[in-house]
Structure formats: structure tokens, C-alpha cells
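Numbering follows the working numbering, with no gaps: position 44 of the sequence shown is 44.
Just so you know, these hints were derived from the structure itself, not from any lab. One should not assume that every hint holds.
Claimed, not checked - Pairs of lysine to aspartate or glutamate residues, derived as EDC-like cross-links and limited to a Cα-Cα distance of at most 20 Å, are as follows: (1) Lys-84 with Glu-122; (2) Lys-63 with Asp-34; (3) Lys-84 with Glu-116; (4) Lys-200 with Glu-82; (5) Lys-19 with Glu-82; (6) Lys-63 with Asp-23; (7) Lys-200 with Glu-56; (8) Lys-204 with Asp-23; (9) Lys-67 with Glu-183; (10) Lys-204 with Glu-56; (11) Lys-200 with Glu-162; (12) Lys-84 with Asp-124; (13) Lys-204 with Glu-82; (14) Lys-67 with Asp-106; (15) Lys-63 with Glu-196; (16) Lys-174 with Glu-82; (17) Lys-19 with Glu-162.
Claimed, not checked - Label pairs and their in silico Cβ distance ranges: (18) Gly-121 with Thr-155: 28 to 34 Å; (19) Ala-102 with Ala-195: 38 to 44 Å; (20) Ser-144 with Ala-31: 34 to 40 Å.
Note that the Cβ used here is the ideal one computed from N, Cα and C, for glycine as well.
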Amino acid sequence: MKKLIGEEDIRLAARKGQKLNVDTDTVITPAARDLAARLGVVLETDGITGERCRFEQRIFLNKPFHKIAMASDHGGYYLKEELKGFLRQHDFMVFDLGPANAKSCDYPDYAFKVAEKISSGEADAGIMIDSVGIGSAMAANRVSGVLAAKCNNVTEAKSAREHNYANMLTLGSKIIGSTAAREICLAFLNTRGGAERHKKRISKILNHK
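Work out the full structure: start from the sequences and follow the hints.
In C-alpha cells form, the structure reads like this:
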């Protein structure tokens, strides 16, 4: 059974001047994690749990996106090139991870490149474009600390951020046109994560073994 650490546990540890041990069977609520940071309560973790905690902290920090990793496969190459310039005009720092042309290539290779930039903290968010967008989302979600969402419209893009704290957007160049893609990208990148109840649900996803 999972052990749950809440705000009362943090306050008790703060009063006693104690550290709290966190292992893979421990779930810390986002509110408790925020309170621990404010009160200076140390959360001791093992390697795997520590990594998960860092991912949670980064995702729930909920700061504006600025550094964007972007890539595509051959099917999404031309849309990538268009969106890259468009986002730079809107003051986003875009890292183009390839490909350099529209020759045939494998979407998982480029989805992993984008996801790994997010996982390492080198990018705040990522965008990956293939023909449909599903495969790239599946690949990206194999990388720790990445929450990739395939979105076909602005409503889905906003929900992916507000409800799901997604940090990677995948698009299908055969599904949406360039105008829709621009609107979706801006909606995704400019929307913050939502209410505390959503954090709790995403925490369950991030901490599932």
C-alpha cells in the first residue's frame, strides 16, 4: 500500500526538525511538497524516487514556457519549418532538433530527441510533428518526466495544459492545417497548469511504478 504524505506530516516534521524519508511506495501531495519547500523540510529520497520528485517539481512549478524543443519526421518537416519561424516571431526560443530535410526518417528517433530535452531540463516544453501525431506521443511518453499530448484543436491544447500539465505537444500534419497548428501551438504554450485537484491526478501518473 502506498504511503501518503500530506501537509500535516510536513508541519509535524518542521516542528520536530526532522527529515522525511521518501521511497517508491510514498506519494507526496503537491501541496505538501510546496509546503516542505517553504518550511525547509528535507525530503530524503533514493535515486529513482529523487528523479521522480525532480520531474514533479519541474512540471508543477508551472512557469511560462520559453525554451521549446522542436522536431518532426519527413511527414511533418514543412509544417515544422513554418511553425519554427512563427514561434520565434512570438519570442519563443526554439531549438530545431531536425531533420534538416524531408527525406524519409523514423518519427520515434525525433520524438525521443525532443522528449529527452524536456526530461533533462534543457527545454521547458516540446513540439513534435509527424503525419498523424499519435506515434510520436506514444514514443515521447516512454521518456521519464514527459507528458506528451496529441492535440487537434485549441480546446484540446488548453485542456492538455490546464488538466494534464502536458509539457510536450504532438501534431499531425495530415490532420490539421497550418493555421490551426499555429493556434494550437500558442494555446498550448501560453496556457498554465490548473487547479490543485489536477496536480494530484498527474502526480499519480508520474509516480506509477
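Hints, verified against the model:
| no. | hint | in the structure |
| --- | --- | --- |
| 1 | Lys-84 with Glu-122 | holds, 17 Å |
| 2 | Lys-63 with Asp-34 | holds, 14 Å |
| 3 | Lys-84 with Glu-116 | holds, 19 Å |
| 4 | Lys-200 with Glu-82 | violated, 37 Å |
| 5 | Lys-19 with Glu-82 | violated, 50 Å |
| 6 | Lys-63 with Asp-23 | violated, 27 Å |
| 7 | Lys-200 with Glu-56 | holds, 11 Å |
| 8 | Lys-204 with Asp-23 | holds, 14 Å |
| 9 | Lys-67 with Glu-183 | holds, 18 Å |
| 10 | Lys-204 with Glu-56 | holds, 10 Å |
| 11 | Lys-200 with Glu-162 | holds, 13 Å |
| 12 | Lys-84 with Asp-124 | holds, 16 Å |
| 13 | Lys-204 with Glu-82 | violated, 36 Å |
| 14 | Lys-67 with Asp-106 | violated, 24 Å |
| 15 | Lys-63 with Glu-196 | holds, 15 Å |
| 16 | Lys-174 with Glu-82 | holds, 15 Å |
| 17 | Lys-19 with Glu-162 | violated, 32 Å |
| 18 | Gly-121 with Thr-155: 28 to 34 Å | holds, 29 Å |
| 19 | Ala-102 with Ala-195: 38 to 44 Å | holds, 42 Å |
| 20 | Ser-144 with Ala-31: 34 to 40 Å | violated, 23 Å |
Of the hints listed earlier, those the structure fails to meet are numbers 4, 5, 6, 13, 14, 17 and 20, in rising order.
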